[in-house]
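Trainee: These are the residues of each chain, in order.
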Amino acid sequence: MTATAPPRRTPEAGPSSGKSAAGGRLRPRIVERLRQGGLPYLLLLPAILAELLIHIVPMFFGILISFKNLTLFYIHHWNSAPWAGFDNYKAAVKIHQPIGEALLHSFWVTLCYTLLSVALSWLLGTAAAILLQDKFRGRGLIRTLFLVPYALPAYAALITWTFMFQQDTGLVNHVLHDQLHLTSSKSFWLIGDNSFWAMVIVSVWKSWPFAFLALMAGLQNIPRELYEAAAMDGAGVWQQIRKITMPSLRPVNQVIVLVLFLWTFNDFNTPFVMFGQNPPHQADLISIHIYQSSFINWNFGSGSAMSVLLLLFLLVVTAVYLLVTSRGRSENDV
Amino acid sequence: MSRFTDQPSPMAQPKSFLWTRRVVLTLLLAFVLVPVYVMLSSSLKSLQDVQGSFKWIPHSLTFKPYIDIWKTIPLAHYFVNSVIVCISATAFSVILAIFAAYTVSRYRFLGRKVFTVTVLSTQMFPGILFLLPLYLIFVNIGNSTGLTLNGSRLGLIITYLTFSLPFSIWMLAGYFDSIPRDLDEAAKVDGCGPLGALFRVVVPAAVPGIVAVSVYAFMTAWGEVLFASVMTNESTRTLAVGLREYATQNDVYWNQVMAASIVVSLPVVAGFLLLQRYLVAGLTAGAVK
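Quick note, the sequences are listed as chains A and B, same order.
Numbering-wise (this note's numbering), the first sequence opens with residue 1 and increments by one.
Numbering-wise (this note's numbering), the second sequence opens with residue 1 and increments by one.
If we strip away everything but chain A, and leave its shape as in the complex, we get:
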């Protein structure tokens, strides 16, 4: 270890966990910063390097190659690939030409998929978390079982669903056709219009336990006295849920809806495992669309331009979302 004596901090000068410690005591903080020197940065260095190598540098590199005409031919010496200016972007946004039209279609499919999946996942997660809030027999077991889809490796679960959606040998058609006689013939689930719905169902199955887990944690933080007081005032269970539980979950909801939205919008596993490299037109999610134009058609410039557009879209959505939800919240608090 270092030879210098370890800096001994008085409790109030120390960087206590709250943000409030910062206010007012500027002098001790500066002294402390000088004493601690480069140690914080040294400890962060490995994490920063890893993030730089895998995330930050590739991101800027991706922006760079989106302006290049980078095809398979240049893959081993990308530097010599010719500059393309904004050509890749122009091709991506020209919605009356094949590339742009396909991208726009993929964007709409992804948007519908994401909105449906997030809404349903949130709904199921909220219902389950609230219904499991109070103690009853079997509660612990049910809670554990609900987390199974979250614990299963994505591809194992997805392969199982693919099997269930098989036309002649799958469980879904067996139930709908053979047992309930709802369909006149066994339908195809992995091609055509149905493939979109199949994908949504699987996505909800995979994501709702996350909403459930986060909401369960959020429920633990609601003070019990609130319920007791409400019960004293004669509020029934349903009223308690509407008046206490739902408003208290707002901050958690704000986070999980955003996280689920971003995850689902970027979802690659679901279509890739269910349909392979060439998903049906109706299930052409944006991630796999970009993957296809990059690794199947070997056009990295065009793929990167699409990725950058995707990133911009997600940044704008996130910013607007945070702005709107935070404003709504602060108005309510006043």
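Note that these hints are calculated values from the structure, not bench results.
A quick note: this is a predicted structure, and the numbers were derived from the prediction, not measured.
Here a beta-carbon is modelled for each residue, glycine too, at the ideal position from N, C-alpha and C.
Heads up, some of the hints might be wrong.
[Said to hold, decoys possible] Lysine to aspartate or glutamate pairs mimicking DMTMM-like chemistry, simulated, CA-CA at most 25 Å apart:
| hint | chain 1 | residue 1 | chain 2 | residue 2 |
| --- | --- | --- | --- | --- |
| 1 | B | Lys15 | A | Asp134 |
| 2 | B | Lys64 | A | Asp168 |
| 3 | A | Lys243 | A | Asp233 |
| 4 | B | Lys15 | A | Glu228 |
| 5 | A | Lys186 | B | Asp251 |
| 6 | B | Lys15 | A | Glu225 |
| 7 | B | Lys71 | B | Glu234 |
[Claimed, not checked] From chain A, some residues computed to sit far from chain B (all C-beta separations above 10 Å):
| hint | residue |
| --- | --- |
| 8 | Ala91 |
| 9 | His96 |
| 10 | Leu104 |
| 11 | His105 |
| 12 | Ala128 |
| 13 | Phe163 |
| 14 | Leu180 |
| 15 | Val200 |
| 16 | Gly236 |
| 17 | Arg242 |
| 18 | Ser248 |
| 19 | Asn269 |
| 20 | Val316 |
| 21 | Val320 |
[Unchecked claim] Heads up, incomplete: computed chain A residues facing chain B, CB under 10 Å, no partners named:
| hint | residue |
| --- | --- |
| 22 | Pro40 |
| 23 | Glu51 |
| 24 | Val57 |
| 25 | Pro82 |
| 26 | Pro98 |
| 27 | Ala127 |
| 28 | Ala157 |
| 29 | Gln166 |
| 30 | His174 |
| 31 | Trp208 |
| 32 | Asn266 |
| 33 | Phe295 |
For chain A, the structure is supplied; the task is to place chain B on it using the hints.
Mentor: Chain B alone, transformed into the frame defined by chain A:
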């Protein structure tokens, strides 16, 4: 440390609530468990059975698929690849996260906010955005230095460790915050440096959080498909990609696919369910902040 409060309800619940609870929870359980049942039951069926119309109750049970899965494709090889990659990625990720989380939790330094926000936001960016350039970077590093990252286990380890890093740092920082600072101070008075305090005091007190983060990191790596499908080759292929080979043969051996799915799921599901209390506690500690 458990955050589940098992108190009785403050008032008797009306029938409408009890019935809603029964019905909704039953339906949800069915939705969650049917695929698990299909996986289990089909893995015990003969090939002939899975190739016919689906049957809820298998005609006869056989363990043959569990033997055949190792022969149809080099599953053991993929398994070893996955284990090596995921354990290494987890170990490195957790070590880096401990250092970073300790710093974020205990020091106020210039750029702290920038660091946490940047790191967390990388978690949210589309994987496809990094995949193309990262692939090119790996290919070109290989060309210019001879260090093979593309198609090697090392490249995958480095990549995977960063996937769990942001969330691990965030979760652990929350956990470290809940450990009284006086403990570090006492260790420092006793002559430990900051690193001594970290490893002798903070880390032992944060074992549940570290376990949670490790499970999370391992699960993230174990289930990853996108990068594995591009950055591995025949000899370094992981389970996430390898399992698809049962389906690219002339016949799809669904019983073997299901058996293999169970075999690859067991380590993570068992780990997760055994440690779920820690995971939930760790998640809560991070979220409460």
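Trainee: Please go over all the hints and tell whether each is borne out by the structure.
Mentor: Hint check results:
Of the supplied pair hints, the one linking Lys15 of chain B and Asp134 of chain A holds, its CA atoms being roughly 15 Å apart against a limit of 25 Å. Of the pairs offered as hints, the one joining Lys64 of chain B and Asp168 of chain A holds, with about 23 Å between alpha carbons and a cut-off of 25 Å not exceeded. Between Lys243 of chain A and Asp233 of chain A, the direct Cα distance comes to roughly 13 Å. Compliance with the 25 Å bound is thereby established for this hinted pair. Annotation: proposed proximity of Lys15 of chain B to Glu228 of chain A holds, straight-line Cα distance about 20 Å (limit 25 Å).
Only pairs whose Cα atoms come within 25 Å are accepted, and Lys186 of chain A paired with Asp251 of chain B is accepted, the gap being roughly 21 Å. Taking the CA atoms of Lys15 of chain B and Glu225 of chain A, the gap is near 24 Å; set against the 25 Å cutoff, the hint holds. Pair hint Lys71 of chain B plus Glu234 of chain B holds up; C-alpha atoms about 16 Å apart against a cutoff of 25 Å. A cut-off of 10 Å between C-beta atoms confirms that Ala91 of chain A is not in contact with chain B; the least separation is 16 Å.
Here His96 of chain A stays apart from chain B, with its beta-carbon at least about 25 Å from theirs, past the 10 Å limit. Every beta carbon of chain B lies more than 10 Å from that of Leu104 of chain A, the smallest distance being close to 17 Å; the non-interface claim holds. With a cut of 10 Å on Cβ distances, His105 of chain A stays outside the contact zone with chain B, its closest approach being about 17 Å. A cut-off of 10 Å between C-beta atoms contradicts the statement that Ala128 of chain A is not in contact with chain B; the least separation is 6 Å.
Distance check for Phe163 of chain A against chain B: the nearest CB is about 5 Å away, which does not clear 10 Å, and the non-interface claim fails. No beta-carbon of chain B is positioned within 10 Å of the beta-carbon of Leu180 of chain A; the least distance is around 13 Å. Even its closest Cβ contact with chain B, about 13 Å, leaves Val200 of chain A beyond 10 Å, as expected for a residue assigned away from the interface. With a minimum CB-CB distance of about 6 Å to chain B, Gly236 of chain A fails to clear the 10 Å threshold, and the non-interface call is violated.
Chain B leaves Arg242 of chain A outside its interface by the beta-carbon criterion, the shortest separation being 12 Å against a cut-off of 10 Å. At roughly 13 Å, the least C-beta separation between Ser248 of chain A and chain B is larger than 10 Å, which holds for a residue marked as non-interface. With a least CB separation of 5 Å from chain B, Asn269 of chain A falls inside the 10 Å interface cut-off, contrary to its annotation. The claim that Val316 of chain A is not at the interface with chain B holds, since no C-beta of that chain comes within 10 Å of its own (minimum 13 Å).
Against chain B, the non-interface label of Val320 of chain A holds: every CB pair exceeds 10 Å, the least being about 15 Å. Checking Pro40 of chain A against chain B: minimum C-beta separation of about 4 Å stays under 10 Å; hint holds. Evaluation of the Glu51 of chain A hint against chain B yields a held restraint, the C-beta minimum of about 6 Å falling below 10 Å. A least Cβ separation of about 7 Å between Val57 of chain A and chain B falls short of the 10 Å threshold, and the interface hint therefore holds.
About 16 Å separates the beta-carbon of Pro82 of chain A from the nearest beta-carbon of chain B, more than 10 Å, and the hint is not met. For the restraint placing Pro98 of chain A at the interface with chain B, the shortest Cβ-Cβ distance is roughly 20 Å, beyond the 10 Å limit, so the hint is violated. Hint status for Ala127 of chain A: holds, given a least beta-carbon distance of 6 Å to chain B, under 10 Å. For Ala157 of chain A, the suggested interface contact is upheld, since its CB lies about 6 Å from the closest CB of chain B, less than 10 Å.
A hinted interface residue such as Gln166 of chain A counts as satisfied when its beta carbon comes closer than 10 Å to some beta carbon of chain B; here the least separation is about 8 Å, so the hint holds. Proximity of His174 of chain A to chain B holds as hinted, the smallest CB-CB distance being about 4 Å (cut-off 10 Å). A hinted interface residue such as Trp208 of chain A counts as satisfied when its beta carbon comes closer than 10 Å to some beta carbon of chain B; here the least separation is about 9 Å, so the hint holds. The closest approach between the C-beta of Asn266 of chain A and any C-beta of chain B is roughly 4 Å, which is under the 10 Å cut-off, so the hint is satisfied.
Taking 10 Å as the C-beta cut-off, the interface hint given for Phe295 of chain A holds, the closest approach to chain B being about 6 Å.
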